Amino acid sequence: MKKIHNTLLTTALASAMAFSATSHAGLSDDKVKIGVLADMGGVYADVCGQGCVEAVKMAVEDFGGTVLGMPIEIVSADDQNKPDVGSVKVREWVEKDQVDVVTGMVSSAVTGAVTKVLTANEKIALIATSASHAFTTKACSPFNAHWTYDVVSLANGTVKPMVQSGKKKWFFITADYAFGHALEKVATGVIKENGGEVVGVVRAPLGTSDFSSYVLQAQSSGADVVALANAGSDMVNSLKTAAEFGLTEMVDVAGLLVFTPSALALDPEVAAGMKLTTGFYWNMDKQTRDWTTRFQKRNGGKIPAMGQAGAYSATMHYLKAVKAVGTDESKAVMAQMKAMPVEDFFSRNGYLRVDGRMVHDMLQVRIKSASERDSEQDVFAVEKVIPGDDAFLPLEKGGCAFALEEQKKTLAANK
Amino acid sequence: MVLHRDFLGAVMAEFLGINLFGLFGQLLVGLINGSFYALLALGLAIIFGLLKIINFSQGALYMLGAFGAWMALEYLQLNYWYALFVVPIIVGLLGILMERFLIRPIANEDHLYSLLLTFGIALILQGLFTDWYGSSGLPYSIPAELKGGTRLPFMYLPNYRAWIIIFSLSVCAITWFMIEKTKLGAYLRAGTENPKLMQAFGINVPLIVTLTYGFGAALAGLAGVLAAPVYSVSPEMGSNILIVVFAIVVIGGMGSIGGAILTGLAMGIVEGLTKYFYPEASNTVIFLVMVLVLLIKPAGLFGKEA
Numbered sequence: 037m038k039k040i041h042n043t044l045l046t047t048a049l050a051s052a053m054a055f056s057a058t059s060h061a062g063l064s065d066d067k068v069k070i071g072v073l074a075d076m077g078g079v080y081a082d083v084c085g086q087g088c089v090e091a092v093k094m095a096v097e098d099f100g101g102t103v104l105g106m107p108i109e110i111v112s113a114d115d116q117n118k119p120d121v122g123s124v125k126v127r128e129w130v131e132k133d134q135v136d137v138v139t140g141m142v143s144s145a146v147t148g149a150v151t152k153v154l155t156a157n158e159k160i161a162l163i164a165t166s167a168s169h170a171f172t173t174k175a176c177s178p179f180n181a182h183w184t185y186d187v188v189s190l191a192n193g194t195v196k197p198m199v200q201s202g203k204k205k206w207f208f209i210t211a212d213y214a215f216g217h218a219l220e221k222v223a224t225g226v227i228k229e230n231g232g233e234v235v236g237v238v239r240a241p242l243g244t245s246d247f248s249s250y251v252l253q254a255q256s257s258g259a260d261v262v263a264l265a266n267a268g269s270d271m272v273n274s275l276k277t278a279a280e281f282g283l284t285e286m287v288d289v290a291g292l293l294v295f296t297p298s299a300l301a302l303d304p305e306v307a308a309g310m311k312l313t314t315g316f317y318w319n320m321d322k323q324t325r326d327w328t329t330r331f332q333k334r335n336g337g338k339i340p341a342m343g344q345a346g347a348y349s350a351t352m353h354y355l356k357a358v359k360a361v362g363t364d365e366s367k368a369v370m371a372q373m374k375a376m377p378v379e380d381f382f383s384r385n386g387y388l389r390v391d392g393r394m395v396h397d398m399l400q401v402r403i404k405s406a407s408e409r410d411s412e413q414d415v416f417a418v419e420k421v422i423p424g425d426d427a428f429l430p431l432e433k434g435g436c437a438f439a440l441e442e443q444k445k446t447l448a449a450n451k
Numbered sequence: 004m005v006l007h008r009d010f011l012g013a014v015m016a017e018f019l020g021i022n023l024f025g026l027f028g029q030l031l032v033g034l035i036n037g038s039f040y041a042l043l044a045l046g047l048a049i050i051f052g053l054l055k056i057i058n059f060s061q062g063a064l065y066m067l068g069a070f071g072a073w074m075a076l077e078y079l080q081l082n083y084w085y086a087l088f089v090v091p092i093i094v095g096l097l098g099i100l101m102e103r104f105l106i107r108p109i110a111n112e113d114h115l116y117s118l119l120l121t122f123g124i125a126l127i128l129q130g131l132f133t134d135w136y137g138s139s140g141l142p143y144s145i146p147a148e149l150k151g152g153t154r155l156p157f158m159y160l161p162n163y164r165a166w167i168i169i170f171s172l173s174v175c176a177i178t179w180f181m182i183e184k185t186k187l188g189a190y191l192r193a194g195t196e197n198p199k200l201m202q203a204f205g206i207n208v209p210l211i212v213t214l215t216y217g218f219g220a221a222l223a224g225l226a227g228v229l230a231a232p233v234y235s236v237s238p239e240m241g242s243n244i245l246i247v248v249f250a251i252v253v254i255g256g257m258g259s260i261g262g263a264i265l266t267g268l269a270m271g272i273v274e275g276l277t278k279y280f281y282p283e284a285s286n287t288v289i290f291l292v293m294v295l296v297l298l299i300k301p302a303g304l305f306g307k308e309a
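From first to last, the protein sequence lines are chains A and B. Heads up: the first sequence runs through residues 37 to 451, numbered per my numbering. Heads up: the second sequence runs through residues 4 to 309, numbered per my numbering.
The hints are simulated quantities; they were obtained by calculation from the structure and are not laboratory data. Any given hint could be a false lead.
Residues of chain A placed beyond 10 Å of chain B at every Cβ, according to the derived structure [as the list claims (entries may be wrong)]:
id	residue
1	ASP98
2	ALA240
3	ALA417
The following label-pair restraints were derived from C-beta to C-beta distances [stated by the list, open to error]:
id	chain 1	residue 1	chain 2	residue 2	range
4	A	ARG334	B	ALA176	51 to 61 Å
5	A	LYS174	B	TRP135	47 to 57 Å
6	A	ARG334	B	ILE206	31 to 41 Å
7	B	TRP135	A	VAL124	44 to 54 Å
8	A	VAL124	B	ALA203	51 to 61 Å
9	B	GLN80	A	GLU432	56 to 66 Å
10	A	VAL124	B	TYR281	28 to 38 Å
These figures come from a predicted structure and were not determined experimentally. Built from N, CA and C at the ideal position, the CB exists for glycine as well.
Input sequences plus hints: build the corresponding full structure.
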């Protein structure tokens, strides 16, 4: 009896193995299904939202609509900036609806929850808009690809040159939640490394409408630079107030995360001259302009935010990798994605590092004054291109365990 | 100048252990915000106090006011000063339509129905504007006449903020006077207190109710125009401020016109001081006050016991 049982077990195991071996070749369910998860109607709707869905659709159309002779499908959902809503949706996608890869992803809190679900199901996350650098450091995963930018690249791009030019004393107006804290912490690190100091910090609750108290505190702090570690309407409100109270004339104000739509929401008189860092600017060269023209046609004339361009680039790179390896099995696709360079209208000199960080050139830009602008949407002047390796946190400093292990193996093999 | 101020500030700080000049600045800023809160709370208090409608769309109407100012400039080339008159009238008319066709049919139901209805209207308006204009907001600059500011011994006071205090407090004072001290106000109060009796005297009570709602809505629109140059003009701006204003009305005593104005000012100052001493609590401090007031005096500071 026991023998029969053992035989049965071995047969079952063998067939299971055979099944999993065949499933590696070709597509898992005769199609590739891409999920786009974003805030569709809330504060961050402009920086990803429906624009991200359009960008992904555009990538699929440009790719030809099919891969390996099978159709590519797109589904999308609103995460309402809530981690629970996002992770429930993504779980449903991967466990029930055969979604192979998820992109979009705005709020870092949502992304943190969603990437856990994706990793547990061995599905790839193409993170297009989140800011936290945790997804390729402490909370890294072999299934994460973090595309557009992160807090480290923002701090290196904006803070470092200012400290080095002699602006040593900094004051922070920080959004009082995970993203703001992370941005403030990373920027503080950069300031101290370069011989500067932080003379004061105020943490303003998210959605504060009046920043005048904080601006007064910044004014009396004796700082050379007031850094805005916030985003969206918090950034717009705080900068408007800073200009109104004459702060922008006394000291430099640095917006650490300024999405292009937020820059457009600012009166040029208030914002002109402010330097900031971005992962993409639509009016950089012919390639970016051509893509933007096509994108605008389908996005109600709105210009793309960096995350939307990033979502296109990431989707395209993913599809190319699926085609190259002849399967949508996540590990094989990810290995291929990391092997191929990322070079398109969005990413210059880009490559997907072993820890999942997409390292590419970042742009240091300045907000143009009204007279400098050729069109209403011509808001930035590109001042400097920061090479990816200078902008992003080096792999060794990130502390991503699996990536360091892999790097060690590669080094040993090379010896 | 800066040096001089810093020196004086330092002396003061040494003297009292805190930076007195900084504190004065915060008090003044609190007063500015307070006068703004007062204007918003006034509209809400009128609608609740006289009509017993808990108007959750007040924040959305405020947002409409700010967008209205932007639209007037963008599409009609009407500057701020025109917008200050035209936009509140339009928002008021919208309020009248809302009252006549949506709120009146359920006027005799429980208060909860009008609360849910106005909340739904607010969500719809917010969603529509997010869809049409995006979530990032629109630029609107301070009118040229009010640019610049005055350097006071303890802070730089932008002219526009001074204008906010003067203008909104004047509007509050006039409104209070009209409702509490004039014959028109007496009709209004009587008409809502005892509609049947007033109708017997030949007063058109439904018309009074509609006009009052329109006036409350127009006040929100006015606050929106006033806010457009200094705050981000975005679809979310109304929902961010609405709950705070509600708390102010509750603290002042539901329906007390004068109470709403005074509490608005006081809460602006309380919030300003919190932003100075412990900024993290600045968005909760008003609710803390609300809880305390409700525990000690459930009808609110200026409310009459039911």
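- Does the structure break any of the earlier hints, and which numbers would those be? 2, 5, 6, 7
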